[in-house]
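Heads up: the protein sequence lines correspond to chains A and B, in order.
So the first sequence is numbered by our numbering: it starts at 1 and just counts up by one.
So the second sequence is numbered by our numbering: it starts at 1 and just counts up by one.
In short, the hints are calculated from the structure, not lab data.
Do not rely on the hints blindly, as some may be mistaken.
[Said to hold, decoys possible] Derived SDA-like pairs (lysine to any residue); straight-line CA-CA distance at most 20 Å: (1) A:K55 <-> B:D423; (2) A:K123 <-> A:E113; (3) A:K161 <-> A:L150; (4) A:K36 <-> A:S71; (5) B:K499 <-> B:R402; (6) A:K123 <-> B:F172; (7) A:K164 <-> A:T115; (8) A:K24 <-> A:Y13; (9) B:K241 <-> B:N266; (10) A:K101 <-> A:E75; (11) A:K24 <-> B:D423; (12) B:K403 <-> A:T62; (13) A:K55 <-> B:T188; (14) B:K182 <-> A:P45; (15) A:K123 <-> B:R170; (16) B:K5 <-> B:K84; (17) A:K55 <-> B:F180; (18) B:K182 <-> A:K36; (19) A:K123 <-> B:E169; (20) B:K407 <-> A:D54; (21) B:K407 <-> B:Q427; (22) B:K182 <-> A:V66; (23) B:K182 <-> A:F69; (24) B:K403 <-> A:L56; (25) B:K750 <-> B:A358; (26) A:K24 <-> B:I401; (27) B:K403 <-> A:Y13; (28) B:K803 <-> B:N183; (29) B:K403 <-> A:S71; (30) A:K55 <-> B:I401; (31) B:K464 <-> B:A358; (32) B:K403 <-> A:S53; (33) B:K40 <-> A:T62; (34) B:K182 <-> A:T62; (35) A:K55 <-> B:K407; (36) B:K403 <-> A:Q25.
[Said to hold, decoys possible] Beyond 10 Å from chain A on every Cβ pair, some chain B residues (computed): (37) E15; (38) L78; (39) S157; (40) D272.
By construction, the Cβ of each residue, glycine as well, lies at the ideal position given by its N, Cα and C atoms.
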Amino acid sequence: MELEISRQDKEKYEKLDLVINKYKQQEGMLIRILQKAQQIFGHLPIEVQSYVSDKLDIPISTVNGVVSFYSLFSEEPQGKYTINVCMGTACYVKGSQEILKTIEEELHIREGETTLDKLFTIKVARCIGACGLAPVITINDKVYGRLSPLDIPGILHSYIKTNKKSAIGEEVKV
Amino acid sequence: MVSLKINGQIVNVPEETTILEAARMLEIEIPTFCHDPRLKPHGTCRICVVEVEKARSLQTACSTPVFEGMNVWTESDLVVEARKEIINLLLSNHPLDCLTCDKSGNCTLQYLCQKYNITGSTYVGERSTYEIDVSNPFYSVDLNKCILCRKCVLVCSELQCTDAIGLVERGFASHVTPPFEKNIEESTCVSCGNCVAVCPTGALVPKRKEKFSYGELKTVQTTCPYCGVGCQMELMVKGNKVVEIKPAFKVPNDGLLCVKGRFGYNFINHPDRLKNPLIKKNGVFEEATWDEAYQLIAEKIIETKEKFGSDALAGLSSARCTNEENYLMQKLFRAVVGTNNIDHCARLCHASTVAGLANTLGSGAMTNSIAEALLADVIFVTGSNTTETHPVIGAKIRQAIRKNGAKLIVAEPRRIDLANDADVFLQIKPGSNVALMNGLIKVILDEGLYDEEFVNSRTEDFNKLKEVIADFSVEQAAQICDVSVEDIKKAARIYAGGKRGAIYYAMGITQHSSGTEHVMSISNLALLCGNIGKEGAGVNPLRGQNNVQGACDVGALPNVYPGYQRVNDPVNQEKFEKAWGVKLSDNVGLTLSDILDQAVGIKLLYIMGENPMISDPDINHVQKTLENLDFLVVQDIFLTETAQFADVVLPAVSFAEKDGTFTNTERRVQLVRKAIEPKDNAKPDWVIIMEIMNRLGYLANYQHPQEIMEEIAQLTPQYGGINYYRISEEGLQWPCPNTEHPGTKYLHQKHFTRGKGLFMPISYREPAETPNAEYPLILTTGRILYQYHTRTMTGKEEGLNQKAPESYIEISPKTADALSINDGEMIRVASRRGNIITKAKVVDIVNDNVVFMPFHYAEGAANILTNKALDEHCKIPELKVCAVKIEKV
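Construct the complete structure from the given sequences, taking the supplied hints into account.
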């Protein structure tokens, strides 16, 4: 098992090397490299940030500053599905707080947290530009609009169902 | 020039000046939080806003350049309103605990509240609730008081170049922290406190040993007593106690200090300081009066002189003491005792530099100035762990890399911190530097990269160099040094390719039985590429102690009078006989290495401020010598390991209790100012020596050290123009022959001190001791950031001891593995001279056949092991290479 993980990791770092080599000659490519790194690793743990810092010769304090500044970066492992609840003005007045509350209650976690089974992460977004559909959430790349709290259990259930092989409480392989 | 008006006053300033700088020229106050003249303006805090006529909005004075006809108002209603609003917002998330805050009285935020009559915030909202980070032994971090001016982060990354802290998160959650929310102690922080020095609020404050308020303190500017950089600092004095030290924004350190200078001052007021003279009776020290001690010393000196002759007496002067004291000490021995047996610990550090560079260039001092590191485009560091041993110069080297893109070559047996910044890092075998230099020279000659014009016009014996290099190959060099041919070639091309290549070296070059040759091969390389006599270049030996340069300059050496005037030259002898009014000895004196050699048979030894029982090689042998003396006088501030062997111990005072001068590594003579009165019955060294002179019937009457400096200036050509008045603001760099002379920034400008630069044909020689089957490892020794020399001073600082508590040995993982040694395990290290127990530190910065130990510690002392094989030219011992074995206990 351990061997397998390290082999997987090795592949990921090889991928990251390709990204770094592609962009490192240009100035100001740190954010792009971190974005790609997050795509490869799922999140940006200390090891990956340190690796990028070493390879680019940018102080780790700077790398960590950038990672913690942008909400699109995550230092913690993310669920398979990231739920973004829009808190832009339009969604807010249309009751997005109730939507968020319902999701939190359904999944037994708070905003910013990830379920134990690593299936869902809840985040809040500022305006995602779909005000006509307010209130809106996104789950990974899919958009759900004109929601009421009653819609939430159904939507979540459809994701749980597609992952039914992994029972709740057991870790999902990402 | 640009002409503008500030508050109605007209001022003419150069273009590119900012409003803030222009206002400061008129002494008009504009408040700032985030501004630091050493940094690029970043306009973070906005408190410096001013009104500029016709401008659309208020402008930040720190970042707005002036223009012709500009009309600026610094305290208009609009400006004051804006500043009040900024402070109002800052206070909405800032505790109002000024009554107990350590920063009170020295806090910019508090001052501006007073200035603008603000008593609190009108905004009520969320407040930060950070835990105070007290993990660092020297300072604490209270982020609740942080106003996010970013100055600490920028000083850490752009000036100190340590990158320990950064700004994370955004919005209200933004805060300063080491990466990944670790505490300071777990970060790369080197405890220099340079962030603390610039913090405008109580967010970063030094930990206090006692309570005080800034209002009751007296500030005294002086020179740091630790390494040779000679940083200027301010002693903050309460009553008769130094309670805090701050960096001074002066040459050469420009507001930077290291942990030792900044926080290592506890020794000054330490209860263990010597308070009275001690006389050993029946093996036990008893307190005595000065009169008794002087009487005894005078009797013994006269008795020994009569019985065995003057040359049976010897003195060890001190690189820790002032120029004036060293001058008097050598005068005591030369003029009063009648011998040239006077030396000091420069013998152990840069004797080979003094001998080697005097031979090839004509002067053994650092050729260029510290600040010139920032002008270099190539920096070559070898035999120096600069960021630990000369931290402020280390920071300047890193600034040169970061700010100016200078290239860095590092050649060291260990992967030191600077190696991570290097373009080429050559992990050479200890003692192989000559082979490396010759390898570099070979590449440069083969590829025609040398400075032909310079070589032709300013040097001699180039052919001899070519001859010796002709028989040598880069492959041989690579093999001897244990590095790759490619890396040597790369380093050679980088060094030769630079316009201003500066070499920095220290004990890794000098402390070898071929030390003088090591030094001369460095000078060969620099001469070959025309890197001497040029601003921003040079051969820069980094002197280890605060005044080792000065102690040499004023003649605390056995072969030269003050100013390097040879004692065996009758003209010099006559000059000094006339000045001192006595007949002087014709014999060149003994070196420290000889004096501490039992076989030489010194009967009476007088040691001022040195501790050879830790600092000298082969301590067991030193101990035998000391035990065999008829009489030993030790003059120091603590009862050191060496003082234990004394017959009489004289209590001297620290740098904070006396006036005088130190000469730093860049030849800058700087003032040491008395901040507090001497403790108990201790006396300044110069007073003690003067009084002994008088006891011995030689009339000496100096009211103040500046009178001694006047005498030095008369007799020492390099110091001719130096007096206390001239150096009161900023030190002067010798040569400074007369009082009109501005001092010399860099040496050998038009011609070398000796005329032409001399190439010396030098071939590599093996160290005196090489590994064999019984002793398979090479031990190299050195210094570390948190301790200084024999710990007489740093050992009294709890925080420094917490950081670096005990002796250890660095071993590579492979070597440790082969012997089943674990990290942290106590192990035995043995050489042909002795063995010690020390702690194993398994690290990947040393090669498998090399081990490293710091030499500072008395317990597990590295110098029990080291070899006293001497360099034949200058008698420096081979402290940097000996063969050892390690084993489990």
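What are the numbers of the hints the structure violates, in ascending order?
As far as the earlier hints go, 10, 16, 18, 27, 29, 39 are violated by this structure, in ascending order.
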